[in-house]
Amino acid sequence: MEEVGSVTVADIPSHQQKVGEVLLEVEDLSVDFKTDAGVVKAVQSVSFTLHAGETLAIIGESGSGKSVTAQAIMGIVPSPPGVVNAHAIRFRGQNLADLTEKDRRKVRGQEIAMIFQDPLTSLNPVYSVGKQIGEMFRVHRGASRKEATEAAIELMEQVRIPEARLRVGDYPHQFSGGMRQRVMIAMALSLDPAVLIADEPTTALDVTVQAQIMELLGSLQEEHNMGLILITHDLGVVASVADTVQLMYAGGVVEKAGADDFYEAHAHPYAEGLMRSIPTLIGEDERLIPIEGAPPSLIRLPPGCPFNPRCPYVTDRCRTEKPLLRSIAGYAGLVACHNAEDVRSAKVGGGGGSGE
Amino acid sequence: MSDSGREGPESSAEEAYREEHRFVDEAVGSKMTAVLAGDFEVVEKEAGLFSDAWKQVRRRKLFWFSAVLIGIFTLMAIAPALFTLPSPATHDPRECSLRNPETGEFQDLLQPSSEHWFGTDIQGCDYYARVVHGARVSIIIGIGGTLLLSFIGLIAGGTSGFYGGWTDNVISRIVDVLYAFPFIIAAILFLNLVAAETGRNAWHVLLVIGVFGWPTLSRIFRGAVLQAKEKEYVEAARALGASNNRILFRHVFPNAIAPALVFAMIGVGGIIGAEAALSFLGVGLQLPAISWGLMIANSQDRIATDPFLIFFPGLFLSLTVLGFLLLGDVVRDALDPRNR
Amino acid sequence: MDRVSSEEGGTVNTVDTGSEALLVVDDLVKWFPLTRGIIFKKHIGDVKAVDGVSFRVKKGETHGLVGESGCGKSTTGRAILRLHEPTSGHVFFEGRDVIAMSKKEMRAVRRDMQIIFQDPYASLNPRMTVRDIITEPLVIHQIGDNKARKDKAKELLEVVGLNPEHANRYPHQFSGGQRQRIGVARALALDPKLIIADEPVSALDVSIQAQLVNLLMDIQQEYGIAFLFIAHDLAVVRHMASHVSVMYLGHIMETGTRDQIYGAPQHPYTQALLSAVPVADRVVERNRERIVLEGDLPSPAEPPSGCVFRTRCWKAEEICAVETPELKDMGGGQMVACHFPETRSVLTVSGASTA
Amino acid sequence: MPDVVRYTARRLLLMIPTFIGATFLVFFAGFALPGDPIAALGGERSMSESTRQQLIERYHLDEPVWQQYFRYMGDVLQGDLGVSILRRREVSDIFKEVFPRTVKLAGLAIAIEIVMGLSAGVLAALKKDKFLDQLVLVSTTFAVAIPVFVLGFAAQNIFAIRLDIFPIGGIQDGAWSYVLPAFVLATLSLAYVARLTRTTLSESLNEDYVQTAKAKGLPQSRVVGRHALRNALIPVVTFIGLDLAGLLGGAIITETVFNIPGVGRTIVQAIGTRDHAIVVGLSIAAVIVYLVISLVIDLFYAVLDPRIRYE
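Protein chains in written order, with the working numbering: chain A, 2 to 357; chain B, 11 to 350; chain C, 48 to 402; chain D, 601 to 911.
Please keep in mind that the hints were generated in silico from the structure rather than gathered at the bench. Predicted model, so just to flag it, every value in this text is computed and none were measured. Among these hints, one or two may not hold up.
Straight-line alpha carbon distances no greater than 30 Å define the calculated DSSO-like cross-link-like pairs of lysine-lysine that follow [as the list claims (entries may be wrong)]: (1) A:Lys35 x D:Lys696; (2) B:Lys239 x C:Lys151; (3) A:Lys103 x D:Lys728; (4) A:Lys107 x A:Lys35; (5) C:Lys240 x B:Lys239; (6) B:Lys71 x C:Lys240; (7) C:Lys150 x C:Lys240; (8) A:Lys42 x D:Lys728; (9) B:Lys65 x A:Lys35; (10) B:Lys239 x C:Lys150; (11) B:Lys239 x B:Lys71; (12) D:Lys730 x A:Lys35; (13) A:Lys42 x B:Lys65; (14) D:Lys727 x A:Lys42; (15) D:Lys727 x A:Lys107; (16) A:Lys107 x D:Lys728; (17) B:Lys65 x D:Lys728; (18) C:Lys89 x C:Lys151; (19) C:Lys240 x C:Lys89; (20) A:Lys103 x A:Lys132; (21) B:Lys65 x C:Lys197; (22) A:Lys107 x A:Lys147; (23) B:Lys71 x C:Lys89; (24) B:Lys65 x D:Lys696; (25) C:Lys194 x C:Lys151; (26) C:Lys150 x C:Lys197; (27) C:Lys240 x C:Lys194; (28) B:Lys71 x D:Lys727; (29) A:Lys103 x D:Lys727; (30) D:Lys730 x B:Lys65; (31) B:Lys71 x A:Lys35; (32) D:Lys704 x A:Lys35; (33) A:Lys42 x D:Lys730; (34) D:Lys704 x B:Lys71; (35) B:Lys71 x D:Lys696; (36) D:Lys730 x A:Lys103; (37) C:Lys197 x C:Lys151; (38) A:Lys147 x A:Lys103; (39) A:Lys103 x A:Lys35; (40) B:Lys239 x C:Lys106.
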């Protein structure tokens, strides 16, 4: 019943202005799954840095490796069949691989928390939501049952679940989708983590509820100055909140840039293709321009650039040599494409920009 | 499963569990995504379920092991002479002599020897021949009983699940009654009714097993049908104007049959065990029929002195049951991707 | 009303206002009874999934039916086809009331009305080959012989952009996008006049989704099939539909041409919905006005009195709780069910224009 | 909680037709047992026509079956299971004597089942596809393949006769007499419990909420024990409960093999002696025990799984 008035921001702050302390550094992360059919190369040499207060959006379609990246950071990739390799995953300078399982557990949940796509299946159906939130305090803080319940109520109020005190004993199936996701958020934020990873937090929700949850996440992030990793397939959802964008395709990062740069001037053919294939509410009602073909099998990736079979800019080089992330002239981001310059000039020539 | 007295409880729990886990759903739509956390578009293994299953089954040693076991015992049931031929004392199992043909001495219960591989029983019959001939009853009742109970169970479960309403209510209550009335007690009581004067034969046992044994399969199939009929492709067929029969036989039935099939396959072993158990209890086959259960029953007093009388029929019985059990297991693994 | 696309390849036929309506949905109601009781079921209430929905679809046009989950849009689609038997109301197809039809008449009508489902994994029978799936409609309606059906399957596969050589394959051998094309081919087999597309692209990734959207638009253009396009994604609907109806809790809140709905929405719910849809443009996103609705969707078993949207509406007054607003024509064919309608163009942002 | 009450009421009402159907079947089959019931009532002795008439009247044998049935069930509901002329005892007394033996046997078997079956299943699920898992799979397959009476005799032969650890049968040695039979009785269900636990647990270990539990930084023991196992146990507990209900109804074969005069063996013996009163009385008692326990299980199921109440 509340109307939030229009927000006018004169200056879109770039992430450079916003950076706080370095929280998370991921260097050269790869994850393989060994299956009967072959080795699934789910994530290949992904690196990034996350600062306090920063929102990093990892964008990609199904099978791009974005969720697995998050699981690897959390250290919850199911193994077997998963095999995680990384040069380092550092939290506040400490390489997580060096920690004992016990210390790693302290980081997990307390320092780096995570929420998942489907809040119904992600909550345990046989425990009340109060118990599940309270469990964080019971296990990590040694709180009594009563203290844990009180803390749970307080958190539920914080994430604006109405009548928290009455509902603390209810089970997940008694809540609506949006409320369940609030419960997940309350649980994740219970110990005031420095980093929150949100894996498609609104995909299972309706747009109006999505708007509520995104607003909540935004305000909580600001309040706690968290580093936030938002994983999504929807370029729209993160457009307003991301500071940095990392676009993934077939397990690898194909483009990485400040959000302003990315949305305005993305340089990878895949990014361009994605932008054009999104139906939009704004602008001319053009015919959509889809990316032809389908994503490759992660077991048998094409040689060279994984995007080459679908790429309109493809050259012979793309079919043999895998492009690495590099910077190109006139663009502040990094692109893994041999022909990024051509993509850029074609775009400028075609008069395209954002919102095409 | 071999103690059929417990068939009821086992299966209803299993059924509850299947319902809980939407067995059919997953058996049919196999996503390995559970492990891979939904970040891959996994091409589903659905339709080629049976052909894929066959491919997978062929590669497994256990499958061939069970196939060989079943093959041997089936052959034994069809042509026992093939198996008794090489034995030096090959006889008709009913041609027994209490006297040594050479010395004329009175003899019974010979221990196993090179002449009588499995010894002789108290009547002086060659025990190997008897045990070999015991296969026929087991295989007939095992397969026949399964066919009969599957027939009843599929019809009952199919109508119950597909049509719902009062039909479902009535059938479900009958199933409840049969569950509450433990199979073995039912079998004991009714086999006593059947042909008490004329003596019972394999068909009587088969009939009672079929009539009282169908509820589990019916419930499994009902659940599978309920699942399958909610599928969108059924709605699609309806939208095309397909008749009920077409929907049932072309869309629902083929997609619901897998779990029932697996159950029936495993069930053969269970029924073979049940026949033996009933004969052992004295309510199954009666002398002069030849049945492993009867042989064991008639030898139970001699467990201390002549354990071989129990051992050999027990071994053959267990191996037959094992064969069907393993086959069912292998097929279930192949059809139910959760086990992969 | 006129829908003319500027793009060379993607022109959409102009629909004459005067042309006859192919489908008229009149006060359609679908309640699912809630019962309680052990032997005798006592009727204790209803889930009012669809509660008096009216709209019309003209020949060859695409009518979008949008709303969030639980608003009754899919139930509406199924009730039109009598996959869910409607509780009351009328559905006129080419002037004849479908609801009153006998089974036999219904079977004949089904040739002209087809449906495409959301889930490409659940909507194809895994035990049938692609050919069997596509030719099933022909078999059911006894059209052509085996050879003719085979040829038709081949032709349809080509139309939807699949390799006709793959007709012998099973659905599991195809990707989600390809499966959805098979579903489209099945719907086309009987040359229908109307296709009800129930969230046909929602389960697909964006890059694949765009392929399907284009395919559907091409098909419509080529065969002149009318679409009832049911979706929760307002952006997709904007690309597909010339007319749009917005549903909330079993009721139509607003209906009109695409430009009216997107450019000048008058119902608060339409406005909230539009303002919540994210746009992949940073400048737009940062500058646009966003209306964040409070609270959850009320239960359709106990919908609010009066206007069903009032519990989440910032404009709600006493009258909204008492009197159910009727769909009123606000001019130009735009109909709004609100006591306080007011044009508000939520998509207009500094410089960027709405369509 | 009205939901629980309604649920209970529903189950109770649904039980009525089941109860009538099952008991009628028992009554009918017992009544129709071959042999002259009157002669059986008189045992071996011959009797005069007048005694015969007296007995017929006393037992209402001239009435239609269904009338006899309702008369009989009326008595049963008041705790009267009839009288065995042959044994000259009230069947309810016999039940009171033999039932505790079956309870001991079944109780011990269930305990073995829970301890061994659950641990084997949990270990197998945690070490999926490793050696231990394979071992559990193979051994449970064999356990299921060997029919109970064969297993019973094998156990007798090895543990009672050759090794002389346990008595060969009977109940003279008190609780110790029940150990070997209980193991034999438990074997089959133990195998099922192990397999069921393995499947459900390995499945629930893949559920999203287990991911959540891990992401919460909970120790492995808590992730498995509190989150995965708690959910995996729902079907297992149901199985064990129904198994208990079935076993109490008569562990017929095991009792026969080990010569334990429990409910099952008494029924089998009574069939041999054509003692209709005992057959019908004990079988009906068994059916009632089964129904009551399965009702409890149903209710317990609702406690285990909070979603079930709101079906």
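- prompt: Are lysine 71 (chain B) and lysine 696 (chain D) close enough, with their CA atoms no more than 30 Å apart?
  reply: Judged against 30 Å, a Cα distance of about 52 Å means the pair is violated.
- request: Below or equal to 30 Å on CA atoms is what counts here, so check lysine 107 (chain A) against lysine 728 (chain D).
  value: holds (27 Å)
field: Restraint status (C-alpha distance of lysine 65 (chain B) to lysine 35 (chain A) at most 30 Å)
entry: Distance ~21 Å between lysine 65 (chain B) and lysine 35 (chain A) Cα, so the pair holds.
- prompt: Is it true that the CA of lysine 239 (chain B) sits at most 30 Å from the CA of lysine 151 (chain C)?
  reply: Holds, at about 22 Å.
query: Regarding the pair lysine 103 (chain A) and lysine 35 (chain A), is the alpha-carbon distance no greater than 30 Å?
result: holds (27 Å)
- prompt: Under the criterion that the straight-line Cα-Cα distance not exceed 30 Å, is the pair lysine 240 (chain C), lysine 239 (chain B) satisfied?
  reply: holds (28 Å)
- request: Assess, step by step, whether the Cα of lysine 103 (chain A) is no farther than 30 Å from the Cα of lysine 132 (chain A), and give holds or violated.
  value: holds (23 Å)
- prompt: Is lysine 65 (chain B) within 30 Å of lysine 197 (chain C), Cα to Cα?
  reply: holds (29 Å)
- prompt: Regarding the pair lysine 42 (chain A) and lysine 65 (chain B), is the alpha-carbon distance no greater than 30 Å?
  reply: holds (26 Å)
field: Pair hint lysine 71 (chain B) and lysine 727 (chain D), alpha-carbon separation not exceeding 30 Å
entry: Status holds; Cα separation ~22 Å.
- request: Would you mind confirming whether the straight-line C-alpha gap from lysine 239 (chain B) to lysine 71 (chain B) stays at or under 30 Å?
  value: violated (36 Å)
Holds or violated: lysine 240 (chain C) to lysine 194 (chain C), with C-alpha atoms at most 30 Å apart: Measuring from Cα to Cα gives roughly 25 Å; hence the hint holds.
In this structure, the hints that do not hold are numbers 1, 6, 11, 18, 19, 23, 24, 32, 34, 35 and 40, in rising order.
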